[in-house]
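A.B. asks: Spelled out, the chains give:
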Amino acid sequence: GQQLNQSPQSMFIQEGEDVSMNCTSSSIFNTWLWYKQDPGEGPVLLIALYKAGELTSNGRLTAQFGITRKDSFLNISASIPSDVGIYFCAGPLNSGNTPLVFGKGTRLSVIA
Amino acid sequence: NAGVTQTPKFQVLKTGQSMTLQCAQDMNHEYMSWYRQDPGMGLRLIHYSVGAGITDQGEVPNGYNVSRSTTEDFPLRLLSAAPSQTSVYFCATQLRGRGYNEQFFGPGTRLTVL
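Heads up: the sequence lines are chains Y and V, in that order.
Under our numbering, residues 1 to 112 are what the first sequence spells out, in order.
Under our numbering, residues 1001 to 1114 are what the second sequence spells out, in order.
Please note that the accuracy of each hint is not assured.
Said to hold, decoys possible - For the chain V half of the interface with chain Y, some residues (derived, Cβ under 8 Å), not all of them:
id	residue
1	F1010
2	M1041
3	L1043
4	Y1048
5	G1058
6	P1061
7	F1090
8	E1102
9	Q1103
10	G1106
11	G1108
12	L1111
Source of the hints: derived by calculation from the structure; they are not laboratory data.
Glycine residues also receive a C-beta, built at the ideal position from the N, C-alpha and C atoms.
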């Protein structure tokens, strides 16, 4: 089946640093989604991208829909302790927008 | 609005036991799905439903059954639990239609099979 490859698998950063992570696929996606999972909770949507080349921000988070439609990037600026968690990329398996396939996640740790 | 609720929060089973994980939503979303999350594996789709009376298999359906008799509920059944089914299970719902609509996740059920 379709797979989303996320990198890095984990990151340890100092508070205040910027963070970059990415997601790639061998297949074209028409929508790219970024979710965050806090410890002990279910994932929550951060950003949704709908067009190739689109750049969207949500506070300190910025995500981009790659031109090839096979990748997406998430950047976090000036990280803070509450950024800790697992970040997942996801995309719809078909044109009907459901169901979603998820990457394996990037685990972010922030050192104060 | 309770959103997506899952019960129980924690469960321990012995190998061979059966149980049902409950998922309920009050958002009138047509689409519901079940995922399992294992360390380093991300979220893997077990079963999903695009509406009452319609279900389909996801990536890892073996050992699990589902049914969708109402819009609100989407229970996940383990007929004969195995240690390999030890995992955290998440239910998610989504409003279908044009464009992408946010998928909402429940708080999860943590299942241990001994």
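A.B. asks: Against the structure, test the hints numbered earlier, and report the numbers of the ones violated in rising order.
C.D. replies: 1, 6 and 12
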